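> Please construct the entire structure, taking both the sequences and the accompanying hints into account.
Below, each chain spelled out in residue letters.
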Amino acid sequence: MAGFSILSVVQTALGRVAKPRPLWHRANLASSYDVVVIGGGGHGLTTAYHLVKDHRIARVAVLEHASIGAGNAALNAGIIRPAALWDETTRLYQDAIGRWQTLGQELACDELHPERLFTPRGLLTLAHNDGDERALRRRVYANQRQGVEAAWLSREEIATLCPQLALDGPRWPILGACWHPHGGAADHNALTWGYAHHASRLGVDLIERCSVQAICSHGGAVTGLETSRGMIHTNNVVLAAAGGALALAKTAGVALPLEQKPLHAFVTEPVQPTLSPIVVSPAAGVCVIQGQDGTLMVTGDVGAAGESWWSLERQAAGVVGLMPSLARVRAARCWSGMVDLSPDASPVVGRTPLDGLWITGGWGANGFHVIPAVGALLAEQVATGRCSDILAPFDMARFASGALIDERTAALISASFDPKGAGLYGEQPSFAETTEDRP
Amino acid sequence: MIPTLRPVLRRLRQQGRRRQSGSLCSGSAPYRLAQGGVIDRERKLGFLFNGRRYEGHPGDTIASALLAHGVVVHGRSWTFHRPRGPLALGAADPIVVTVGVGPRVMPATKASDTELYDAMIADPVHCWPSVGWDWGRMGGFLAAYGLSITLPHRWRQRLAPLLRPFIGWGEPADEADRDRYDHLSRWCDVVVVGAGESGLRAAIQAANSGKRVVLLEHDAIVGGAALYDGRLIDGQDAAGWLAATHAALAALPNVTILTRTSAVMVDKVGVVRAVERCTDHLGPQIGGTACRQRLWLFRASSVLLACGQQEQPLPFIGNDLPGVMLASTMQALVRRWAVLPGWETVIATCDDRAYQAAFALADAVSGSGERDSGSVVAMVDSRPLSAISPVLRDGLHRRCIPLYASARVQSAAGTRRLSAVQIVPLVAHGTKSDLPSSGITVSCDGLGISGGFAPVLDLWRMAGGGVAWQPKEALWQALGARNHAVQVISRTLGPSLCSFGDSDPMPLVHAALDDVRQMKHPLSAPVFIDWQRDVTLGALSAVVHKRLNEPAAVVRHTALGLGTDGGATSATLGERVLLALTQLQPVATPLHDVLTPARPVALAVLAGDMALQPMPRLTPLFDWHQARAKTMRSIGGWLLPACYPSPEESDRHAIERECRSARERATLYDASSLGKIDVQGPDASIFLNRIYSQPVDTMGLERVRYGMMLNEHGFVLADGTIARLGEHHYLLGTTTRSAQTVYRHLLWCHQTLWPKLQVNLTDVSEQWATLTLGGPRARDILGRVAPGMYLGPKAFPSMSLQHAAVAGMPARVARVSFTGELAYEISLPASRSLALWYALLEAGAPYGLTPMGISSLEVLRAEKGYILVGHETDGMVTPDDLGYGHLVHNGGAFVGKQALTRPALKGNDGVRRQLVGVLTEDPQVVLPTGAQIVPVRGASAPMPSLGYVTSSYYSPTLGRSIALAMVAGGRERLGEAVHLPLEEGRWVTARLSSPVFFDQQERRRDG
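Taken in sequence, the protein lines are chains E and S. The first sequence begins at 1 in my numbering and counts up by one. The second sequence begins at 10001 in my numbering and counts up by one.
Simulated from the structure, these hints should not be mistaken for laboratory data. If you're wondering where the values come from, they're calculated on a predicted model, not measured in any experiment. In this text, a Cβ means the ideal position worked out from N, Cα and C, and glycines have one as well. Any given hint could be a false lead.
As the list claims (entries may be wrong) - Have a look at the derived ranges for each label pair, beta carbon to beta carbon:
1) Pro10616(S) x Gly98(E): 39 to 45 Å
2) Asp10999(S) x Pro173(E): 36 to 42 Å
3) Tyr10847(S) x Pro173(E): 34 to 40 Å
Below, the structure written as structure tokens:
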């Protein structure tokens, strides 16, 4: 199904497609592995796939407590961001963008039409106030210097590009916007199923409905895992379990500098195509994208307070305020996912203080589009011990050295979000003496 | 391509409509029964559907009025563009249409859930040029299915205008909605959801015990299934009982009945959110002030769910043909709307209740006398004869309806309407049917199907209620009847209302599966599970083959049950099919998570007036500013005047004039937006010592200090003034932008780090107005309005404050400057600020006092190299980076102290970015803020970065452009040339300088 031909279109249209084949084998859990990946989402599957494909690690397993690709991989909007603010992050994003271009061919299978995987749509980030404008203009200049196509759009240019936007809305008037023409959207299901298919073909054991209860260690190194299906011996564990990683690492005595935060989203009923670019408004706290089926998917900002219904109302207000012509479109369903954030809103990838325990986490709302890059680079690090230049800045050690990469202005993170709990990572002891109160 | 195509497309569309209209009888309503129904036959409502005029009556829905005219094709399906007619009633129906035009268009509205109003314009969706002639179907649904998915991107983009009509349910408006929406909240004792028989009984019961009751009904009238299923209530006719009960309830003062109101969200603690459709049934309210829809929020001590049951469809080949509908739909059409669903009808069932539908149809026709032969031509029951009650058999016999027991409908035939069904024996129970094994063909134009009734559990599940799978009836039932405040009441009212115990749908599902397996192309067999998203039996079996049969994966793969009907008719059938395919009984959770909201809700209702209300914070002098400033800037949530240009002046000239006045004469600035946080308590000094990078308890009374607070990573969080008003009383001043951040930071530190410290933190930003009088003549002016004050440099030095009467009003005057000039910040209660403003302007007139806006202030502070948090800082800047290293000298612990010792923060190795000034070679070039600084001119991207411009202005005082920048190792590089790449390959060269461009000795400020 990799190719495209008139015949294939006719056959698809008539429903005369080949008899479906299982996407992956139902593997049996062995008692020991070279590497065990915890989490059957995008990051976990990709890492496992590259461990086998690039580095010929023989026995690799992916343990998933629910079903493959059903966690944040399924809940996210599939937005591809080409750049952030700092060079370190942009380098990672650009590496991922490069891989997306050829990923369709690499992962082609029954479930994954290469042409469907990645659609460039353009990413429009709106500035509604002084501070946003300054931050976004800086981002445009930084991206141009980094070699990423980006532009600052005037109000007139915005009106041409996206006529639905109310430039002089009462609540969120638009001053200008940052435009990334190479931003886009990808099919998240196709991605996870594609990786699962190919990983399984290469011999990775995909184990669904198997939850890990504890990471066992001895002498500062990982020795195995306690799971709901029994003990597994392994010396290398990759934690790709998003929010779940925190509690798991704790079982091995590792404190991760991460904090779990809810991320709310909703979709509307499908309507005819009306919104071409992806519209992001940090001030209104929404990101709006119209899917191929016509549904408008709206995600909120990470860490915004409040229960899910309140977020639904607030995000709906954001959409109506920005695009009043969509006022009568109806919200069909809303949901929430838990994402993990580090104090500087940049990811935590690589080694942990425990030998043999690897982490990819802290992705917040920006984890999806880097999946192809991070999986490959992390697999390289796990297999060879060498950390690539791209991943090196995101090592957990940066919280001890102070070399943070603060992307809070670039990521869509609620203004009210201030990751305090995780922020005190490494600093807690110094306050022990001062928390004693006045004499 | 698009503009040239448009007229052609329009003409084709019109032709399509004409062609279809030719095939229909017009004017009369041949399927309308002569009597009966809950409609007002006296009045007629004309409406347009698909460009053609029809008539209905008040009480009709779009679907019932169209069916009365014999129009069965109401829309096209999602993927295959098959013609579709109504299947179910109300919001459960999969068919959607577009109602209205222009800004009042309602895309994706249910045809059988929309009340008719006069002059309504409704259009089918998802088809082109018309619902009768749909290219999506004709030219192969290639366009819709094949092309949109498998086409290479460049083709897809070119074909996008052609594909447009085939994507999505209807077109959103292209201009802003003009209707009003509001939110209302109410406390009550009991909320009853659903005004059917059980709902009404529960409401009466609760109301009689004196409780405040709210009764919510989605429909326009109360009654639910009792309106049409022919039941007797308390021995009397249902219609009579409903009318009497409704009247009795309406008369009670403690009961509110809200019809046309759908509960969309229920929480187990007793929170119910519901959407009331206030004016939708009246048509567009042009110029009206009534709100169109309202979002209710009820907080009740008890929520009673009486949502009733939903009949489920059956799988067989061609089960989506127009004319095939649920038996209960047929019953409702006949009894409620007096519409005959077909001249010759077959009923196929595995359940007792469908017999009532057959009786209703037969009685309606014989009663109306329109035709002498019975209209129900066959009753097909999958159960053996022995399992069918003699009472029902007798009922069929009396009405001359032939019964085929142990039989099923194998396939339905027809093109745009059902024309015949194939009835074959079902060999599931080991009993023999009278039918030949090849079956018989019965011609008919209506087919009522019933796969049993499943309880509607959306809201129950949303409230956290458990569900249990019933293996025999193959459906989910509520587990228990109560979860905290929420209670399911439908089933407590006796077996007559929840008799799903006699249905037996699984043999029919297995039989359909066998049929499909024997076909040549099983995947394309038209056996539909989800009518709206076109999920077929073949698609579900493919999913199972692919090992994507985890419930979540099935839903994601097929979108089963994710349509606008919320899976009302598809989720249960989907589970039955999966059960048949995998032989795995569903364990604990239904196929898909419960959808919130339970019914789609327009974004405008959710938003209420949140999206429309501008919410800036305004200073007490806002009106004065607005009358004089051309540009208002939105800063930190406040709307502040940029500057005050005279009518012939531009903003730029005004800024220059105000800046010159600030340096030469005097200016008055409204600084009321600055944050002010009052800190009091016996531990105030200890608390602030731990917050600021230098101790505050060394300050004398009535002294002011400039301080910095850091975050946990050692980076600057905010800067500002600390004024000591008393031994245990401080007032912190913050910038406009960082007031919220600082207040939250302080609260967090107090509440989580040192909860035992006795400190009170109060944000008094809006209680106090602050007017800043600055400039070389400020002392003279202040002397005139505050004659009692000692203003000499010794008596009132820089960084101190006095309480004094200014213009006769008690005020607090602080000698603090953000412009580098002599300046007084005069704070007084906000309500008096306008009087002081005028008094100062008047007193200052002889000295050339000029009011000044925030843009001018920013230029003045940049000339002095004063930082502005958010401009010069970005969350990665230490005090030392800014040249404020001397402010970090706190012997005790403070937030961020330890982090400052981290290697990356200490670095004197030329890596850390430091605050410097940037002077362009051409003094007239003003750099853009955010511009990047690189070491080599003319390089191509990607380039390594030295730093970036944080603030940039034209300085009238210096007569040239100035900029502040953060540059790697900047303080070591003063005097060096750097380069800045700008848009379109333009380069600017500049030299690094000290960030203080003017009066480096601070003589003017401190003099």
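> Against this structure, judge whether each hint is valid.
Now for the hints, and whether the structure bears them out:
1. Pro10616(S) x Gly98(E): 39 to 45 Å: With a Cβ separation near 43 Å, Pro10616(S) and Gly98(E) satisfy 39 to 45 Å, so the hint holds.
2. Asp10999(S) x Pro173(E): 36 to 42 Å: holds (38 Å)
3. Tyr10847(S) x Pro173(E): 34 to 40 Å: Given a distance of about 38 Å, which is inside 34 to 40 Å, the answer is holds.
Of the numbered hints listed earlier, not one is contradicted by the structure.
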